[in-house]
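As given, the protein sequences belong to chains A and B, one line each in that order.
My numbering puts the first sequence at residues 2 to 371.
My numbering puts the second sequence at residues 2 to 371.
Keep in mind that a hint or two might mislead.
As the list claims (entries may be wrong) - Pair by pair, the computed Cβ-Cβ distance ranges are: (1) A:Pro-341 with B:Thr-282: 33 to 43 Å; (2) B:Ala-16 with A:Arg-128: 29 to 39 Å; (3) A:Glu-114 with B:Thr-170: 53 to 63 Å; (4) B:Asp-356 with A:Ile-69: 30 to 40 Å; (5) A:Ala-286 with B:Thr-364: 53 to 63 Å.
Claimed, not checked - Chain B regions said to be covered by chain A (calculated; three or more residues, Cβ under 8 Å): (6) 2 to 15; (7) 26 to 36; (8) 49 to 59; (9) 181 to 194; (10) 204 to 211.
Everything labelled a hint here was simulated from the structure, so no lab data went into it.
As the structure is a prediction and not an experimental result, all values here were calculated from the model.
Beta carbons: idealized from backbone N, C-alpha and C, even for Gly.
There are 2 protein chains.
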Amino acid sequence: MNYNPRIARLSDWLASERISAALFVDVEGRRDPNIRYLTGQPGDALLFVLSDGKAILIPWDINLARAIAQAGEMIPYSDYGRSLSVAVEAIVQREKLAGSIEVSATTPHLVVEELQKVSGGCEIVCRSKGLDELLTNLRMIKDPQELKLIERAAEITNELLVLLEVFLTQSTDVTEVGVALFLEGEARKRGCEGMSFESLVAGPARSYGIHAFPAYTGAPFAEAGMSILDFGVLVEGYPSDVTVTVLRGPLSPKQQEMVDLVQQAYDLAVGLARPGTEVRTISAAVDELFQRNGYSMPHSLGHGLGLQVHEGPYLRNKPEIVTKLERGMVFTIEPGLYDPGAGGVRLENDLLVSDGGTRILTTSRMLRLR
Amino acid sequence: MNYNPRIARLSDWLASERISAALFVDVEGRRDPNIRYLTGQPGDALLFVLSDGKAILIPWDINLARAIAQAGEMIPYSDYGRSLSVAVEAIVQREKLAGSIEVSATTPHLVVEELQKVSGGCEIVCRSKGLDELLTNLRMIKDPQELKLIERAAEITNELLVLLEVFLTQSTDVTEVGVALFLEGEARKRGCEGMSFESLVAGPARSYGIHAFPAYTGAPFAEAGMSILDFGVLVEGYPSDVTVTVLRGPLSPKQQEMVDLVQQAYDLAVGLARPGTEVRTISAAVDELFQRNGYSMPHSLGHGLGLQVHEGPYLRNKPEIVTKLERGMVFTIEPGLYDPGAGGVRLENDLLVSDGGTRILTTSRMLRLR
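Take the sequences, apply the hints, and build the full model.
Here it is in structure tokens:
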């Protein structure tokens, strides 16, 4: 990966906004994927990017950072007693920063106050439409380096979907945990960094939950009824994200209706997903289809995929969503319906917007077993 | 679980502080285990606790919440268009809240500002020594219900440690992912909700990382040298957390020195961990031992265990840490040393402070293989 253009893009923007530096913080409980986007460092670090183009990475584990990350300068966090205030005070002084320093919009209120005290007179800026918006927009359009990783993640996912079908048809006494660990083992064997999230593997008794809890158990999977499997793999930080609903045995009329409606919604959404389309209109069309049939979907239609499994574009039917599909966007379409009695059904694939149209990267489908 | 005493304790405190309500928010990227502590709801929800004792849970997935959680009232988040502002505005009006509403100290700056606009004149309070401190202190002392779950997690962990030893001695071509998935499969079979965190399984080539990244790969584990395995299991939200260093073959003098020092540090710390002891002094003693021998530990000596795998008491050698060990505290002791050439070594077990002393709940040790 070449991170220089990303750092350059950010420091140019800082200069144009008359901001001296951007400060990113990634700690337990408050992750910031922008640090990985800008340096390759997967987490547990501070990052200063200055308007003059300098990038200073301050990782918790300097050995790991030296092996993995790239930045103009790296300083062990222990040099500052692993204290955010001490590190910020030191860098502000050493770099003679003046004016203002911008932090993420998600920075806690008390941290903003704390930083204001040690910033040597610099103003700590925290805006919803500033630094975060810039990076959200940059990251929403994937560059060729990113697309290569996302396509590799999709490819491995598709291999896993084939293996899954064999696994489900040839094994007896299949459990949720059996499916989850089978997929993870195959993914890691293929060099994946991990799963995109804790796989959600919910047999018929638990599939009514949008996100089953616990994610998987020793309960049977793919028994009579509707079972949901939602998973993805990570390739160097970039995810896939698919959902298969496994259907077994005669379904009740209600279950069949739910399956048909979700398939119809999926086809409708894929058909509408073209470059230039407002994502809100796609969501609205699906909501309208469900409502017309007396159902409603308790989650959004889809989301962008990148260093965060959930990022822009957000496919939601809300007036404030004005995103249009653009070349380089990668996102999921995942309509679903859930009923405490009948169970749940969801179908999810990943799409890439190219010049001419959209390409469906993954091959998940309703999986009907005898 | 009986959550009523916890809600009562909190509302009494709110009344004494003249705060009308506490608002907890758990969303992706910003988890708040206090919601689970107070209602059993594992996440994706808002929770209002009023000074009159009322608890209003607003979950993203109402079906799941009805199956799992307990609260005086539950309202689907979709009733408010899944919007924090809309929900807060509605509850403030309906409950005729006046005065002030306290939120977590980790609430983002911009969220505090947003809430201030919809709170109908109520002041949004965000203090480091307020609501969060109360709950940190309550949660730091485990009650009998919690201890039962933690002891069960430790028991399962100890079974897994025995199985691990058999697995490592009887298998050939052991990989990091093989170990990780073996342990997870055995844990889930025993009814665990999941692992406490993504297991860290680092063969000799990667054990120099404090937290190996990726957490586990297809690389060999337990080859000649020092391999680190750091894992735990969750029982109804409560974790164990242990680290085994696997030693194979003749170690270099440097490796042997590191192993001996870590064992010595562990024994020293366990010996000092008695009710009434300041945790800082235990950390200081270990730091001093390492320094005297020309080493330094790049992380803290240990941490409390509860609904968060890392919570109070924090065993750190910092002047602001004034915690003393008290009956009902559960914490790890985990000295470690890391060297890019020699590899890493860490030994970690979980301890419970009882009336008479401390009890080591888990049975991890340096594991020497031929």
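Do the hints match the structure? See the list:
Checking the proposed 33 to 43 Å range against Pro-341 of chain A and Thr-282 of chain B shows it is violated: the Cβ atoms sit about 54 Å from each other. Look at Ala-16 of chain B against Arg-128 of chain A: about 37 Å separates their beta carbons, and that is inside 29 to 39 Å. A hinted range of 53 to 63 Å holds for the C-beta pair Glu-114 of chain A and Thr-170 of chain B, which are about 55 Å apart. Distance hint check: the CB atoms of Asp-356 of chain B and Ile-69 of chain A are about 47 Å apart, inconsistent with the given range 30 to 40 Å.
One distance hint, 53 to 63 Å for the beta-carbon pair Ala-286 of chain A and Thr-364 of chain B, holds here, with the actual separation near 58 Å. Counting residues of the segment 2 to 15 of chain B whose C-beta lies closer than 8 Å to any C-beta of chain A gives 0; at least three are required, and the coverage claim is violated. Evaluation of the coverage hint for the segment 26 to 36 of chain B: fulfilled, as 4 residues show C-beta separations to chain A shorter than 8 Å, against a requirement of three. Taking a C-beta to C-beta cut-off of 8 Å, the segment 49 to 59 of chain B contributes 0 residues in contact with chain A, too few for the three needed, and the coverage statement is violated.
Three residues within the 8 Å Cβ limit are the bar, and the segment 181 to 194 of chain B against chain A gives 7, so the coverage statement holds. Look at the segment 204 to 211 of chain B against chain A: 3 of its residues bring a Cβ nearer than 8 Å to a Cβ of that chain, three or more, so the hint holds.
The structure does not agree with the numbered hints 1, 4, 6 and 8 stated previously, though it agrees with the rest.
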